[in-house]
Amino acid sequence: MATQSSRSAARIMMAPAVFLLLVWMLVPLCMTLWFSLRDYRPLRGGDLGFVGLENFARFVSSSSFWPAVFTTVLIVGGVLLVSIVFGVLLAMLLDQPMWGQGVVRILVIAPFFVMPTVSALVWKNMFMDPTNGVFAHIWRAFGADPVVWLTDVPILSLILIISWQWLPFATLILLTAFQSLDSEQLEAAEMDGANPLARFFFIALPHLSRAITIVILIQTIFLLAVFAEIFVTTGGAFGTRTLTYLIYQRVLESQNVGLGSAGGVYAIILANIVALFLMRIVGKNLDR
Amino acid sequence: MSRNTVLRTSSALALCIAANAAFADAHSTTITIATVNNGDMIRMQGYTDLFTEQTGIAVEWVTLEENVLRQRVTTDITTNGGQFDIMTIGMYEAPIWGANGWLVPLDGLSEDYNVDDILPAMRAGLSHDGTLYAAPFYGESSMVMYRTDLMEAAGLEMPAAPTWDFIREAAAAMDNPETGVNGICLRGKPGWGEGGAFINVTANSFGARVVDENWQAQLDSEEWANALNFFVNLMNDYGPDGYATNGFNENLSLFQQGLCGMWIDATVAASFVTNPNDSEVADSVGFALAPDNGLGVRSNWLWAWALAIPAGTQQSDAALQFIEWATSADYIELVAENEGWANVPPGARTSLYENPNYAEVPFAQMTLDSILAADPNSPTVDPVPYTGIQFMAIPEWAGFWTEVSQEFSNAYAGQQTVEEALARAQDIVNEAMEAAGYQ
Amino acid sequence: MARAVTTQRKALNTAIAWTVGFLIFFPILWTILTSFKTEAEAIANPPVILFFDWTLENYGVVQERSNYMRFLWNSIIIAGGSTLLGILIAVPAAWSMAFVPSRRTKDILLWMLSTKMLPAVGVLYPIYLLCIQLGVLDNRIALVVILMLINLPIIVWMLYTYFKEIPGEILEAARMDGAGLKEELLYVLTPMAIPGIASTILLNFILAWNEAFWTLNLTSVDAAPLTAFIASYSSPEGLFFAKLSAASTMAIAPILILGWFSQKQLVRGLTFGAVK
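Chain order of the listed sequences is A, B and C.
Numbering-wise (this note's numbering), the first sequence opens with residue 1 and increments by one.
Numbering-wise (this note's numbering), the second sequence opens with residue 1 and increments by one.
Numbering-wise (this note's numbering), the third sequence opens with residue 1 and increments by one.
If we strip away everything but chain A, and leave its shape as in the complex, we get (with noise of 0.2 Å):
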């Protein structure tokens, strides 16, 4: 067990970590408090003086705040569900005896080291064009109309390009956990007369969880704050502005840092609340 000596120096070696991240917290967070608190208009000469909680009640009573605090559940929610899916899917794939395994595995992982924006402008530009993109020439060669991404369904086209750019990540942590299932138990089970879905839904799929769990944790933190992909290919129109979006909007589109910043405060609380949530989960599935 371990001494009060060693107990000290613990602490000592987790104290420049903890308190970097505590400056790093309140730093910004004081002062995004003391803008949401202000009338900061940068193009009208700065700081307007003090306004109370305006910022705050202007921020949530306009007519984008709840489509926006929707849309953002919507795209992560989409998002989470399809790497998970797919990404188990994948794993399952991935695991099985193959001939030329690592190179297929290099070609999965390839979209994790894409920068955001390159891929959505690829993405925009090169897939999703309805005149120029490859979909419509795939569409064309069938005879049928090439949909217009973007706007047809565009919280679809961002769910596809977002996990395009997550699916791999997801896949690699699954199929590390598939890799340490233990296939006698498989075996056994399938001596035991079980069909191939009982064996994935009773043996596999539990094994998974702690895996599964690490994956949405992780990628929500990383969804919530996804910029890049919308700024570039639908600049928030067309029903994807995320709550992340629409601060970006109040901040830098309108000039109105209070208003941004009041927009920020809720995000976090949103995002705390999603977190609280989820550490529930994760912090069960960490012990085990």
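If you're looking for bench data, these hints aren't it; they were derived computationally from the structure.
Which residues of chain A face chain C? A partial, calculated answer using Cβ under 8 Å:
(1) A10
(2) L21
(3) Q96
(4) G100
(5) R105
(6) I221
(7) S261
(8) N272
Since the model is a prediction, treat every value here as computed from it, not as a measurement.
Ideal placement from N, C-alpha and C gives every residue a C-beta, glycine not left out.
Following the hints, position chains B and C against chain A.
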């Protein structure tokens, strides 16, 4: 990491260090210029070495796409960040920033530069209270570009100053789903400078206005409903699929591929669509003034990309020297010599349009006529309290008009009706006017 | 114990997996192919897939227009620096959390992750003003620190889950043998932790490399990395698919190559201790 990987990585690092060292040759004066990645600016970067040779002033370029550039320079100027010695800004920013004292007034321009040669409309749009704050690198209005071959085949002749009704008729005549040719291509992309600008000037020609003299939103007016309905019907009937995401770039590409009968957009596009290297239809493009509705206001805008010096810079002398070089008549000559007259930056100087060589360029006269037809001081049929044609020269415009144009684009995409879009736009504008303290 | 697998089964697996892999990789492949086409071929209808005149012209144009090496170098410095700095700070923290856990360890870990939830755009002005005050705009060191702070929670997490897997008995044995804290750390733990640290480095290098908000907004010339490079090609006047593809390929190539060399480590690093 395997030893091999480490080795490879470290040798790659060593290469980079060596390469980095090569950049280290220091000049006595270096200016940093933020600019947009448009063709004329990219070309200017190619000639920078000549400027450095002449003056000994080195130039660092920060080239960004339009939206990112705007975000970068606005953050920097409002916080006095001092990251740039010259910023490329538009007609929207120049007077607002100038009024705030954030830009160095360009009153120290030399005799040779001949500031009076700048087109009056451009000079006025880049000034505040009679003081010039940014020098135009190129200027533009908007006009109709059309396919002469298709018009001929349809048995129509484009008047020099068409009406919207004629545009619709011509679009119907040229539209051909079998060959993939769309009757007309117009901007529907969200953003105040994209589809938002186009629909605003269209509405101007229909007698609509964004606000009345008391800054009350007017988007619930009949004129706005007429304008937006006309636009949506025209584009649904004869426009390309997915026009709600088409901006300048997308339409340019469609037109160059021969997929548009007409395209109403920036006059600078004329040199791109008539350039045989990029355009399949270079030989058969005609030009006309932007359409009107018989109400005395044409649907053309006025814009300039201009160079300005932020007040926070330590290098304002060197910056001024560069601006004089880049926006001078000599620079135009330089480009003409190397790339031909059709490729010089247009729309900034009167002398360019008096030059007999330039008069031979097919779109020169129409560009000038379009610019002259635009009046920022009376952009609408009914009076308005603001200046600017496709924008109101107030700081809030970019924010709320982007939101409005998003509502419109949603209507173009069929996600809501024109009436719903206008009702929402009305609320957005009133909310913004109230928040800005106008109401 | 692996079960015997018929050749047909293996062939089927291989076929399906390669098809899926190819589909997922296709957007990248298409970008790379397009970068070698002329602009006209890039938008040809029907599209040309392989039989076009391969040209390096686009790369030439991009290279002429921007100083690629400088952007690349900044990306390497910023991504590398922030990762190494992060590791230096995170290793002791993760070590102590894993081996000397207290009641609050889990809370601290979860709190660390929650610091990543402040939306970046909301704090652009505060951070920008702060950087002006400190005089660190367009400064590589400032970006190294900021990106380190952004990724620190992830680094601590990953290392924590790795260290957690190191069996406690080994430590006990070392202590019995009279090893002090220093010896324990240097001779017992470090060798066992090296693979985990290596994969943590890789993942964070990728995350830092792809970070596009702060790296774009806090830089202009001296510190601008590849994310700024790509912003000068993203929507030029006219659609230049081939040049855009060339620039995109140049922006992702270094990290793609690095990733390929080290994919085995990455696979380990991404487990987050999901494997027992």
